[in-house]
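Trainee: As a plain string of letters, each chain reads:
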Amino acid sequence: MRLKLLGAGRLGSLAGLGRGGAGALALPGCLLYTRAGAAPHLTHDALREVRGVPGVAHIALPALAEIHDVLEEYKEGAAKFMGMPDAVLYCSLHDPVTPCPSGYNTNKTVSLWGSSGRMEMTASKFIDIQRAIQPDWFQCISDGDTISGEAGRKRAKKSVDRSLSFLDICLQLQEKSPELQGSVMFGAIEGGDILEERLRSARETAKRPVGGFLLDGFQGSAMAKETKLKLIASVTAELPEDKPRIIHGVGKPDEVLECIERGVDIFESFFPFEVTERGCALVFSYDCHPAPEATVLPQNGIQDLEKNGAQEDQEEVSKADPEMTPFEISLKDKKYHDDFGPLLEGCSCYCCQRHTRAYVHHLLVTNELLAGVLLMMHNFQHYFGFFSAVRDALRDSKLDQLKELIFRQAVQGPASTALRQ
Amino acid sequence: MAAPAAGPPPVLRIVAECGRSRARAGELRLPHGTVPCPVFMPVGTRGTAKGLTAAQLAALGCRICLGNTFHLGTRPGPELVRRSGGLHGFMDWPHNLLTDSGGFQMVSLLELSEVSEEGVLFRPPHGGEPVLLSPERAMEIQNALGADIVMQLDDVVSSTTTGPRLEEAMLRSVRWLDRCLAAHARPRQQRLFAIVQGGTEPELRLRCLRAMAQRDVPGFAIGGLSGGEAKARFWRAVKLSTEHLPRDKPRYLMGVGYATDLVVCVALGCDMFDCVFPTRTARFGSALVPWGSLQLKSQKFAKDFRPIDADCDCPACQRYSRAYLHALLRCNTAALHLLTMHNVAYQMKLMGSIRDSILRQRFPEFVRDFMATMYGGRGGPPAWAREALESVGITLDRGEPPLSPGEPP
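Residue numbers (this note's numbering), protein chains in the order written: chain S, 1 to 421; chain C, 422 to 830.
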C-alpha cells in the first residue's frame, strides 16, 4: 500500500491495494458500505449502475464472525466467498449502524453484536477469525466503549490501555499467521473525550508497525462538537503523514468536511444507507460552480417553496423522522404524490434518469422493495459525488466555497440554495 | 357474425404445433414488441416487479409482465399513472404489459367485497370510501393504465364453489364481457381478452366457452381455476377450454406457475401464463431448480459452496454460492433480489426450452425428460399430470413404483 499526497491538504491517493496490487482509493474518500459483503439492497449488477463506487469495500466483523466455521471450511477468504474476489476489503470491528450496548468489554475481551446476538472475543479469537477472512485491511480489536457519555477519565484510560495491549498481541499473532501477511492492520486510537488519553493513544499506537490509523470513539452524539473537533485535530497531528487515517461514525457532509480539515482521510458510507432506510433521498448541493444559465431557481427549491414555504417545510419534514437531516427530502411525504420531477434535478443516477418522485413515493407508500433499491442507488451516487467534489475543491483551492455551501445547507436545508440564486 | 372491420392484426402467430399433444409455439404480436410463446409472465402487481429494476427484468428476457388494476387503481390511482405516461412510463418498462381487471381480488379480498349486477363493491383495506368496480370502471382504469393487453371484469368465485352461485357468476361474466367491450375506449392500442368461467363444472364451462367464443375478442383467458380445486378437475377444465376456444387466438391460463403445471398445460394447448409463485417464493428464500426447490434459509446450505444451479446463467448463479446466499439472507434484501432474479430466469429458461422443443418437434421427449428430472427417484410424476398428458397423447415411462413411507430412495 502506498500513500501519495499531492499537496493541497491531504488530497492524494492510496495505490497498490488488494491482492493483485491494482486497487486504489482517492483521498479524501469514503468506503463502500456493505452488509455481509453486498451493498445494501443492491445486487452486483445494480451496483454497477452506480457511478463513482469507491475502490475499497467495508464490511463489519460481526456478520463474518457468525460464519467463522463456514469461512474456515471455505479457506479462500471472505472476499471470494462473497462473490467479490477482486475487491479490496476493509473489515471494521463493529457495524456503524448497529448500536453497541455499553459495559460489556473486559481487559481480555471485546463484545460484538450480530444478528444472533452478542459475541465475546479475545485478541486470539479475533485473529483466528481474521485468518479465515483474509481481509486487505482490518481494524485491530479495540475497546471503544467510551461513547455512552458516562465514561470518565478512568474509563478513557482503560480504553487506551486495553487497546494497546490488544494491538501488541495481535501484531505478534499476525506475524505468525501466513494468511495475514498481505493484510494491513489499522490501529485504533481511543481515549474517549480526554485529551491526554487521546494523545497518549495516538503516540503509542504510532510507535507500532501498523499500516494505518482508525479514529474510534467519535460515534454518536454524546461528545460535545467542539471537543470532538479539537480531539480529532490533536490526534491527527501526532500521526505520521504517510499512513491513512480512517474515522468511524462520521457521515454527514458538514461533519465530513470538518474532519477532512483536521487530517482525516477516509470515511464510511453508512450515512446514505441510513437516509435510504428512512425513505429519504439526498438532495444537498455540492456544486460550487453552478452553470451560468441557472439563474432560474432550481426545481427542488421552487417546488418546496411553492408548496408550503421553506420554514413550514422543515418543520413538517422533521416531524416525519427525527433522524432526518437538512440534506435530504422525505419521499413518503404526501406532497410528492404527484411530483413528476426526478429525486434531484440534474442527477445522473439510474433512478433520476428514469423515474420520478411520484413513483418512488408510490413504492414507499405501498411498501415495495424496489423503493430501497432505487433510493440506495441514488443516495450512494450522490454521496460518492460529494467526495469527488471535495477532492476537486481541494485541487482547485475552492474548499472554502464548498464549506460555505455545505454549512449553509446544514442550517437551512436544500431549499436555501435556491434563495441565493 | 359480420366480417370484422380492419382492426389490429391477430395477436397470435402460430409457428409450430406439436404433432402429438395440443402444444403450440408461436409469437404474440403486441404494440410493445413481439413476445415468443408459450410465455410465462411475471407479476408486478403495483407497478414494480418486486425488488427488480425494469432493466434487470428485461435483461432476464422478460418481454411481458403484469400489473394489477385493483391495486394500482387504489394507489396511486389511474389519473396519476396516466400522467406518468401510463404504466409503461410509470415503471419505465419498454416492453409489454398486461393488466388484470381486479376480478381476482374479489376472491382474495372476499371479506371486503360485495358483488351485484352493477359491479363489485370493495371496502379498501386501508380505510376510506367503498369503491365500486364495475365493468365500465375496470375498463376506464385499464384505459388509463395503458397496458397492451387488458382483461374483462369477470365475476370470480372460488374454484371450489358449487351450486347456483357458480352459474350466476358464469352468466354474469358473459354479460360483463359485453359491457367491457362496449366501454373499451382504446381497442386499437389495447387488446381486450375475455375470461372464461364456470369453475370445474364441465356443463357450465362449456356454455361459457360457447357464448364467449362468439364475441369478437383478440384473445381468451381461462379463468376461475388454479385456486385449490382438485388437480384432476383442474386439468379437465383446462382441456375442455382449449378444446372449445378458437385455435388461432391466444389462450391465457391465469394463475398457473408451478413448473409441472406449466409443462402439462402447454401440452393441453395453453399459450400464456402468470403466477406470483416464483417471485413470491424467492422472497421467502426459496430457489427454483429443475429438480424442485432449495430452501436456502435452511442450515443445510450453510457450507454448500456450489451455485444454486450449475447450469443456470443468471447473475446469482454466475457469481454466488448457496452458502453465501444463505448468509446474505440474514441481513440484506439484496439476497431476495438475487433469488427473484434466479427464479425469473428459471421460468424464462423453462418456457424457452418448452418452446424450442415444440419448434423442433421434440416436445413429448422434452416432457419425459422434464418429468424424469423433477420426479426421478421419487416415484414418478403425480397421477393427475400423467393422466392429463396421456389424454393428449404423451405417455410417460411407468418408472419405479411409488416408495412406501420410510423407505430411502
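Please note that a few of the clues may not be correct.
With a cut-off of at most 20 Å between alpha-carbon atoms, the simulated DMTMM-like pairs for lysine to aspartate or glutamate come out as follows [unchecked claim]: (1) C/Lys724 / S/Asp69; (2) S/Lys108 / S/Glu72; (3) S/Lys225 / S/Glu66; (4) C/Lys721 / S/Asp161; (5) S/Lys230 / S/Glu261; (6) S/Lys125 / S/Glu196; (7) S/Lys335 / C/Glu500; (8) S/Lys334 / C/Glu808; (9) C/Lys724 / S/Asp168; (10) C/Lys724 / S/Glu261; (11) C/Lys724 / S/Glu323; (12) S/Lys80 / C/Asp725; (13) S/Lys154 / S/Asp128; (14) C/Lys721 / S/Glu73; (15) S/Lys75 / C/Glu500; (16) C/Lys724 / S/Glu76; (17) C/Lys718 / S/Asp69; (18) S/Lys157 / S/Glu175; (19) C/Lys718 / S/Glu196; (20) C/Lys721 / S/Asp69.
No lab work stands behind these hints, which were simulated from the structure alone.
Trainee: With reference to the structure, classify each hint as holding or not holding.
Mentor: Structure-based check of each hint:
no.: 1; hint: C/Lys724 / S/Asp69; result: 9 Å, holds
no.: 2; hint: S/Lys108 / S/Glu72; result: 24 Å, violated
no.: 3; hint: S/Lys225 / S/Glu66; result: 35 Å, violated
no.: 4; hint: C/Lys721 / S/Asp161; result: 43 Å, violated
no.: 5; hint: S/Lys230 / S/Glu261; result: 11 Å, holds
no.: 6; hint: S/Lys125 / S/Glu196; result: 31 Å, violated
no.: 7; hint: S/Lys335 / C/Glu500; result: 16 Å, holds
no.: 8; hint: S/Lys334 / C/Glu808; result: 55 Å, violated
no.: 9; hint: C/Lys724 / S/Asp168; result: 34 Å, violated
no.: 10; hint: C/Lys724 / S/Glu261; result: 46 Å, violated
no.: 11; hint: C/Lys724 / S/Glu323; result: 39 Å, violated
no.: 12; hint: S/Lys80 / C/Asp725; result: 14 Å, holds
no.: 13; hint: S/Lys154 / S/Asp128; result: 30 Å, violated
no.: 14; hint: C/Lys721 / S/Glu73; result: 14 Å, holds
no.: 15; hint: S/Lys75 / C/Glu500; result: 57 Å, violated
no.: 16; hint: C/Lys724 / S/Glu76; result: 13 Å, holds
no.: 17; hint: C/Lys718 / S/Asp69; result: 17 Å, holds
no.: 18; hint: S/Lys157 / S/Glu175; result: 27 Å, violated
no.: 19; hint: C/Lys718 / S/Glu196; result: 50 Å, violated
no.: 20; hint: C/Lys721 / S/Asp69; result: 14 Å, holds
This entry does not satisfy hints 2, 3, 4, 6, 8, 9, 10, 11, 13, 15, 18, 19, going by the numbered hints stated previously.
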